[in-house]
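In the order they appear, the protein sequences are chains A and B. Just so we're aligned, residue 1 is where the first sequence starts under full-length UniProt numbering, counting upward by one. Just so we're aligned, residue 1 is where the second sequence starts under full-length UniProt numbering, counting upward by one.
Just so you know, these hints were derived from the structure itself, not from any lab.
Identical copies carry no separate label here, and so any pair may be met within one copy or between two of them.
Result set (SDA-like, lysine to any residue): computed pairs, CA atoms no more than 25 Å apart in a straight line: (1) 104 x 115; (2) 104 x 120; (3) 120 x 108; (4) 104 x 165; (5) 104 x 7; (6) 195 x 142; (7) 195 x 46; (8) 156 x 47; (9) 104 x 116; (10) 156 x 43; (11) 104 x 47; (12) 104 x 118; (13) 120 x 217; (14) 104 x 185; (15) 120 x 139; (16) 156 x 57; (17) 156 x 193; (18) 104 x 133; (19) 195 x 225; (20) 156 x 89; (21) 104 x 139; (22) 104 x 126; (23) 104 x 137; (24) 156 x 81; (25) 104 x 58.
Protein chains: 2
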Amino acid sequence: MQLYHHPFCAHSRLVRLAFGEMGIEHLLIEERVWERRPEFLTLDPAGTTPVLVEDDGFVIPGIDVITEYIDETRGAVLGDRRLLPTDSLGRVEVRRLAGWFNHKFFAEVSEPLIREKVYKRYMPRELGGGPPDMAVIRAARSNIRYHMHYIGWLLKARNWLAGDRMSYADLAAAAHISCVDYLGDVPWEEDEGAKIWYARIKSRPAFRPLLALTMAGMPPAPCYADLDF
Amino acid sequence: MQLYHHPFCAHSRLVRLAFGEMGIEHLLIEERVWERRPEFLTLDPAGTTPVLVEDDGFVIPGIDVITEYIDETRGAVLGDRRLLPTDSLGRVEVRRLAGWFNHKFFAEVSEPLIREKVYKRYMPRELGGGPPDMAVIRAARSNIRYHMHYIGWLLKARNWLAGDRMSYADLAAAAHISCVDYLGDVPWEEDEGAKIWYARIKSRPAFRPLLALTMAGMPPAPCYADLDF
Numbered sequence: 001m002q003l004y005h006h007p008f009c010a011h012s013r014l015v016r017l018a019f020g021e022m023g024i025e026h027l028l029i030e031e032r033v034w035e036r037r038p039e040f041l042t043l044d045p046a047g048t049t050p051v052l053v054e055d056d057g058f059v060i061p062g063i064d065v066i067t068e069y070i071d072e073t074r075g076a077v078l079g080d081r082r083l084l085p086t087d088s089l090g091r092v093e094v095r096r097l098a099g100w101f102n103h104k105f106f107a108e109v110s111e112p113l114i115r116e117k118v119y120k121r122y123m124p125r126e127l128g129g130g131p132p133d134m135a136v137i138r139a140a141r142s143n144i145r146y147h148m149h150y151i152g153w154l155l156k157a158r159n160w161l162a163g164d165r166m167s168y169a170d171l172a173a174a175a176h177i178s179c180v181d182y183l184g185d186v187p188w189e190e191d192e193g194a195k196i197w198y199a200r201i202k203s204r205p206a207f208r209p210l211l212a213l214t215m216a217g218m219p220p221a222p223c224y225a226d227l228d229f
Numbered sequence: 001m002q003l004y005h006h007p008f009c010a011h012s013r014l015v016r017l018a019f020g021e022m023g024i025e026h027l028l029i030e031e032r033v034w035e036r037r038p039e040f041l042t043l044d045p046a047g048t049t050p051v052l053v054e055d056d057g058f059v060i061p062g063i064d065v066i067t068e069y070i071d072e073t074r075g076a077v078l079g080d081r082r083l084l085p086t087d088s089l090g091r092v093e094v095r096r097l098a099g100w101f102n103h104k105f106f107a108e109v110s111e112p113l114i115r116e117k118v119y120k121r122y123m124p125r126e127l128g129g130g131p132p133d134m135a136v137i138r139a140a141r142s143n144i145r146y147h148m149h150y151i152g153w154l155l156k157a158r159n160w161l162a163g164d165r166m167s168y169a170d171l172a173a174a175a176h177i178s179c180v181d182y183l184g185d186v187p188w189e190e191d192e193g194a195k196i197w198y199a200r201i202k203s204r205p206a207f208r209p210l211l212a213l214t215m216a217g218m219p220p221a222p223c224y225a226d227l228d229f
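Next up, chain A with everything else stripped away, as it sits in the complex (with noise of 0.2 Å):
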């Protein structure tokens, strides 16, 4: 398989993880979605990234689509590991918080500091490139802050985020949290159960392509790929 991504993408970070927990090779290909090449237009005409496309050409858009994709057609081989549960209990609680993080805290932290920190400077003045409106900063830094917390809050009643097994939630927690931490704007000190929970993820050998990751002109913050941190 393809995946058209970006590596500060979270939603696109998000597939890594769950492709590197279920063990399946694909091929990656960066896409710059503000250039809107005509080619990916015609893959997701919504042009945003990730975009998976099969060795047979079928297309699956967008993280939503994609993650129930990926557990349809391969998930039953992981077994009491699936990332999503085959009960209703189980698959309400992994959607609501997978959805929490790949909507809420996207629109609330992750995609204004992406935007404003990494995009901005990439992108050509005519696209919106240019300095960061810190305003806009701001505002997703303090509202990180409820984020932490509610993480760590259901921590208290639980060995994961959605119950006892690790599953979407998880990943896609920890899918936004790496692109906000890469540029050192996640506040650790703010909850305890949280960085622990973080810490035990971020461990997983499914993490480290992730780590490894560096911009060019915008290293990562020092606790980024720190184990221990």
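Chain A is already provided as a structure; the job is to place chain B on it using the hints.
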């Protein structure tokens, strides 16, 4: 089942349309999410409608989680009228397009229009109420045009938005468009194919409760309940 909804929440309308198509009895509870009622936030910490509650108290929050849940627990009885098809190709296309309207159309058109023209009338000033921002309304009115053309383009080769059969994709699109239509902001002259499709879905029995809806002090646009608009 109980559905916490708002008459102008397009995602709630989608659930009501699905229930109508499936003949599922339910109780409606109107929730004004901006009041942030503690009891409602206990049901769903995200604090958004719709939220579905089963007889036994099991809570299913959020449109993406609810549509999957309804199909998984009650979809099979519909046979080949199922709103989420059972084949991979169909599932990807229905989820892609339902997501298009539930997230993209929502962000670019229905959410800003309804926030500015409806919610801000009912919200106290300290919670963001007040006169509508005309610049936001103009942007949304401009955005809706390419969505109408996209609907028309899809229907050139298809019977319904995602393929041969009516699906969540059609109900999602119709739910969002119906909210905007109440406000008189759907440019029906823009795309003939889109208009014919909407006339077809609007005449279904499941649509009647939505067309009967009127808000005190804010009557619907004349075309809203007219099946021959």
